[in-house]
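Following the hints, complete the assembly by docking chains B and C onto the known chain A.
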Amino acid sequence: MALDSKTPKGPIADKWTNYKNKIDLVNPANKRNIDVIVVGTGLAGGSAAATLAELGYNVKAFCFQDSPRRAHSIAAQGGINAAKNYQGDGDSTYRLFYDTVKGGDYRSREANVYRLAEVSANIIDQCVAQGVPFAREYGGLLDNRSFGGVLVSRTFYAAGQTGQQLLLGAYSAMNRQIGRGKIKMYNRHEMLDVVKVDGKARGIITRNLITGEIERHSAHAVVLGTGGYGNVFFLSTNAMGSNVTAAWKAHKRGAYFANPCYTQIHPTCIPVSGDHQSKLTLMSESLRNDGRIWVPKNMKDVEAIRNKTLKPTQIAEGDRDYYLERRYPAFGNLVPRDVASRAAKERCDAGYGVNATGEAVYLDFASAIQRYGKEQATIKGLDVNDAALIKKLGQEVVKNKYGNLFQMYNKIVDEDPYETPMMIYPAVHYTMGGVWVDYNLMTTVPGLYCIGEANFSDHGANRLGASALMQGLADGYFVLPYTIGDYLSDDIRTGAISTETKEFEEAEKDVRAKIDFFINNEGSHSVDYFHKKLGKIMWNKVGMSRNVKGLTEAIQEIKALREQFWKEVKVPGSNDELNEELAKAGRVADFLELGELFAKDALNREESCGGHFREDSVELDGEQKGEALRNDEDFAYVAAWEYKGEPSDAVLHKENLEFNDIELKQRSYK
Amino acid sequence: MSGILNSSIGRKFAMALSALFLMFFLLQHFAINILSVFSPETFNSTSHFMGTFPLVQYVLQPVLIFGVIFHFVMGFVLEIRNNKAREVSYAKNNGGANSTWMSRNMIWSGLAILAFICLHFYDFWFPEINTKFIQGDMTGLIDPNNADSGFRYFEELQHKFESHVRTIIYVIAFVLLALHLLHGFNSAFQSVGANNKYTKGLKNFGKLYAIIIPLGFIFIAIFHHLKHVLS
Amino acid sequence: MNLTLKIWRQKNASDKGKLVDYKISDVSPDMSFLEMLDVLNEQLINEGDEPVAFDHDCREGICGMCSLYINGEAHGPDRGVTTCQLHMRMFKDGDTIFIEPFRAKAFPVVKDLVVDRSSFDRIQHAGGFISVNTSGNTIDANAIPVNKADADKAFEAATCIGCGACVATCKNSSAMLFVGAKVSQFALLPQGKVEATDRVLNMVRQMDEEGFGNCTNTGACEVECPKGISLENIARMNREYLKASLKG
Chain A
2 MALDSKTPKG
12 PIADKWTNYK
22 NKIDLVNPAN
32 KRNIDVIVVG
42 TGLAGGSAAA
52 TLAELGYNVK
62 AFCFQDSPRR
72 AHSIAAQGGI
82 NAAKNYQGDG
92 DSTYRLFYDT
102 VKGGDYRSRE
112 ANVYRLAEVS
122 ANIIDQCVAQ
132 GVPFAREYGG
142 LLDNRSFGGV
152 LVSRTFYAAG
162 QTGQQLLLGA
172 YSAMNRQIGR
182 GKIKMYNRHE
192 MLDVVKVDGK
202 ARGIITRNLI
212 TGEIERHSAH
222 AVVLGTGGYG
232 NVFFLSTNAM
242 GSNVTAAWKA
252 HKRGAYFANP
262 CYTQIHPTCI
272 PVSGDHQSKL
282 TLMSESLRND
292 GRIWVPKNMK
302 DVEAIRNKTL
312 KPTQIAEGDR
322 DYYLERRYPA
332 FGNLVPRDVA
342 SRAAKERCDA
352 GYGVNATGEA
362 VYLDFASAIQ
372 RYGKEQATIK
382 GLDVNDAALI
392 KKLGQEVVKN
402 KYGNLFQMYN
412 KIVDEDPYET
422 PMMIYPAVHY
432 TMGGVWVDYN
442 LMTTVPGLYC
452 IGEANFSDHG
462 ANRLGASALM
472 QGLADGYFVL
482 PYTIGDYLSD
492 DIRTGAISTE
502 TKEFEEAEKD
512 VRAKIDFFIN
522 NEGSHSVDYF
532 HKKLGKIMWN
542 KVGMSRNVKG
552 LTEAIQEIKA
562 LREQFWKEVK
572 VPGSNDELNE
582 ELAKAGRVAD
592 FLELGELFAK
602 DALNREESCG
612 GHFREDSVEL
622 DGEQKGEALR
632 NDEDFAYVAA
642 WEYKGEPSDA
652 VLHKENLEFN
662 DIELKQRSYK
Chain B
2 MSGILNSSIG
12 RKFAMALSAL
22 FLMFFLLQHF
32 AINILSVFSP
42 ETFNSTSHFM
52 GTFPLVQYVL
62 QPVLIFGVIF
72 HFVMGFVLEI
82 RNNKAREVSY
92 AKNNGGANST
102 WMSRNMIWSG
112 LAILAFICLH
122 FYDFWFPEIN
132 TKFIQGDMTG
142 LIDPNNADSG
152 FRYFEELQHK
162 FESHVRTIIY
172 VIAFVLLALH
182 LLHGFNSAFQ
192 SVGANNKYTK
202 GLKNFGKLYA
212 IIIPLGFIFI
222 AIFHHLKHVL
232 S
Chain C
88 MNLTLKIWRQ
98 KNASDKGKLV
108 DYKISDVSPD
118 MSFLEMLDVL
128 NEQLINEGDE
138 PVAFDHDCRE
148 GICGMCSLYI
158 NGEAHGPDRG
168 VTTCQLHMRM
178 FKDGDTIFIE
188 PFRAKAFPVV
198 KDLVVDRSSF
208 DRIQHAGGFI
218 SVNTSGNTID
228 ANAIPVNKAD
238 ADKAFEAATC
248 IGCGACVATC
258 KNSSAMLFVG
268 AKVSQFALLP
278 QGKVEATDRV
288 LNMVRQMDEE
298 GFGNCTNTGA
308 CEVECPKGIS
318 LENIARMNRE
328 YLKASLKG
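Chains as they are written, first to last, in our numbering: chain A, 2 to 671; chain B, 2 to 232; chain C, 88 to 335.
Check before you lean on any hint, since a few could be wrong.
Each computed BS3-like pair below joins lysine-lysine, with the alpha-carbon atoms no more than 25 Å apart [stated by the list, open to error]:
(1) C:Lys235 to B:Lys198
(2) C:Lys258 to C:Lys103
(3) C:Lys192 to C:Lys105
(4) B:Lys85 to C:Lys192
(5) C:Lys179 to B:Lys93
(6) A:Lys201 to A:Lys7
Quick caveat, the hints were computed from the structure, so don't treat them as lab data.
Given the structure is predicted, the values throughout are model-derived calculations rather than measurements.
Okay, chain A solo, but in the shape it has when bound (with noise of 0.2 Å):
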């Protein structure tokens, strides 16, 4: 069956407006009868919680954090991109989405992305009104970086904490409407299911985390905002809690899963160092504006940096491997997230990696200092010939754009960055896979959403940096406002929905029986034990490159590993207290289902395209040999997986992908 997208009609530079002029609305008086469920409190669940909050709706917030603004957008480091053209360097709404669909490697929805690029300057504008204090220049306007993949400076900061701001901005709007009571906030309480009635979604089963009580809420409509399921790579960049479940169980109600295997490994995170190891800490992408990637070009100096006999800074320049600049001389170090990652990856698999473990590249700041340091002593009128001099006012500089970062290195590599190249390795990062959703963002189950990181929308095969702060924003302020309302216009006489029903029975007995069996099983192993095995799996063979060797053992290796969680799981304590264990074993339950379902979708996807990666697709000849190979004419579309058990019997709906508004190419950043 082909999946509709529900796109409206139109030159793409109108259909937003056009929809927007066309859709049914709710008037104000109807508003207040209509319960809203908003399940994920990160810039997509934050923004759209206050905003149909303040459009009249009755908003109940779920989160399973001690507090909405814990959610994990809150570690997003780099900055949010914006069509502003502030910088008059030719930026425009059109490049925007030009720059987004490539970057994704062309798998994703026009249209969606097109609207994206359109209200992306309305994020700014609602931001800054917020009180979210931006970056700004000496003469009090906004200051704007570069990042990855794209020509023009687009990227609206705030230090490396932009997604700490942008979320304490959707905070302080979700607070407004907690103090006015029309957001009904619920911490640490984790979905555990969707409760569909007469087929559409209708309400939730939530555990409260401290209390362990089975909850029933009723709505006229569930939006999911969830976050990724980077976490099934047990170490990833996302925290601790960040999890599947809930887009997991709208999957196993009916809600498609689209493109699963589309991660996005970051380039720049701090390498791993023991198996203790519990997560990944990103160092913002920013950094590769002014720092420069390499590895020895010999393999004695590898070996004498590895033994510790060797210093990198005594490597002299020539003896220096910048791979990405001398492979992609165009964008340098600033090529796209996933080439700069594989490129890392093919450097340390051809033994160049300069730590113990063999897993790590260099990001070095020297020159970047120099230049500054040149730079401001010019300015300052001081001698530029002064080497400790020039080193001291370049380090300023540096410390002044970086210096959290910096610092957050320190503390846990333990060793200076101003003084010595970074160490970092490609890390799980962010999922472009997510819930499939139409253009109104509604998933295949009518009235149930699905927004951010959570969906699959807008970035197709490769997310590109600073851009999902603006999906997240702009799904949650701007989007799902207007299309959630065409859909509710239908409710107005509905009346409360009530939670005494069969399906509401069902679906709790449904998770009191899951919960009653962890408790109750006497098994041998912890839950990360479990998780900490798929995640080898699934980094190894599911990682950044993959072949069908691979794939379809670590399909059989999940399956039999699945099997075996149900067995020996082991989960202290009981139900009706605070209990850690007991949570994480029905997220990792869900994560291998997830996993599978993963390798399945990889292996499926017989081309490289973004950052998924395989072997066997790529260029044999010419320019640009041993870069990814795409294959437009087979898989240009989302893979969007139905439900029917077992992972392996997950049934393939496709929904093609047409390109009118921007030519299908093969990505060069040469």
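Using the frame of chain A, we list chains B and C on its own:
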């Protein structure tokens, strides 16, 4: 403005205002007392003026007493409330890692100062009130019936510092006052909202004030004591 | 490294709770403090004991979820870090480490080392926002230039992660650094000045209602704050409050 004392910041502000007032008083008190070292005559005449001038006696003195009482009562109220804000205390607390001893023990230095003030009142203020308002002797003379007997203030002062014990108590009290002021001076400015580019300078001035004034008082006490011992 | 841990165990809010000793061996200096606790918990689960409950999420020092009073200091002995960024290289072989929850009446213990910090949220509900609708129909972002120094100060105040270390470390359990940071962020920006009066009055009122203590300017909060929020923010809040009280 109503109910400002019911708010945490209002109480803090009031505490700071009374502190600033007391610090100003202390400066004035010191200025007069130091005269006793250099010129007993000037000390006597100034003391007599302060002790009999109606504006000082009937306006400033009650304000001062109110200020002292307010500062103490508010200090206790805040301490009790603040203790209630943590019902279970830490098994291990390393306060020295992040704050000064003075800042954490204002209540103890304050209580010591209160005890000292009681002694001080017993020594000077009660006899003074007794002489002036109960016996009705407003002359300030050693012998009220003899105009040539001279003012009594300097003699009374000298007499008090004859005792070793009293002198030691005074010295200890002034050390505690210094500790109290070392935190209190800057704290008062922070509480009224003064934290800006002048803060650094003000902090240094505060330290000087907190050390020099009590040191000066100690000097006066020891000076008179030694004078007695050596004579 | 081999360590002795003295950890606060408390079944639930109504339980009395006590310190319990645990031994842990082979701790790597490269581990983060929370990874060390992960190892302890794995050990406890395997031995059939209940793992120690503690709050954590992002593990990169930004979500503000992790807490812990370690050896008498909020977020432990290192400076400018949260507990999740604290590394075991700060400790020595054979050390005894006290691990207690953040303590304040306004932060009741939920279980073991987990506390309820919703009082912070309620203070924000009372006024931690600018009343502007999220319609997107605001003026252009560059229509109001903001002095860079003010914008930078607002940003510095806004970097507060709401972890509660200021309260935990304050001898008075005062929340004034947190509230001061919130008030300052908005008071420094032209957008926030419009409702500055109501904001500071409402937020301070709520802060007092929650049962936090009163600031006595010890400055411990500034030292222990993982984000280095300055005491200047408390002074600014005091000013704003007094100004607002005189007005209102």
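Here's how the hints hold up against the structure:
no.: 1; hint: C:Lys235 to B:Lys198; in the structure: holds (17 Å)
no.: 2; hint: C:Lys258 to C:Lys103; in the structure: holds (22 Å)
no.: 3; hint: C:Lys192 to C:Lys105; in the structure: holds (17 Å)
no.: 4; hint: B:Lys85 to C:Lys192; in the structure: holds (8 Å)
no.: 5; hint: C:Lys179 to B:Lys93; in the structure: holds (18 Å)
no.: 6; hint: A:Lys201 to A:Lys7; in the structure: holds (18 Å)
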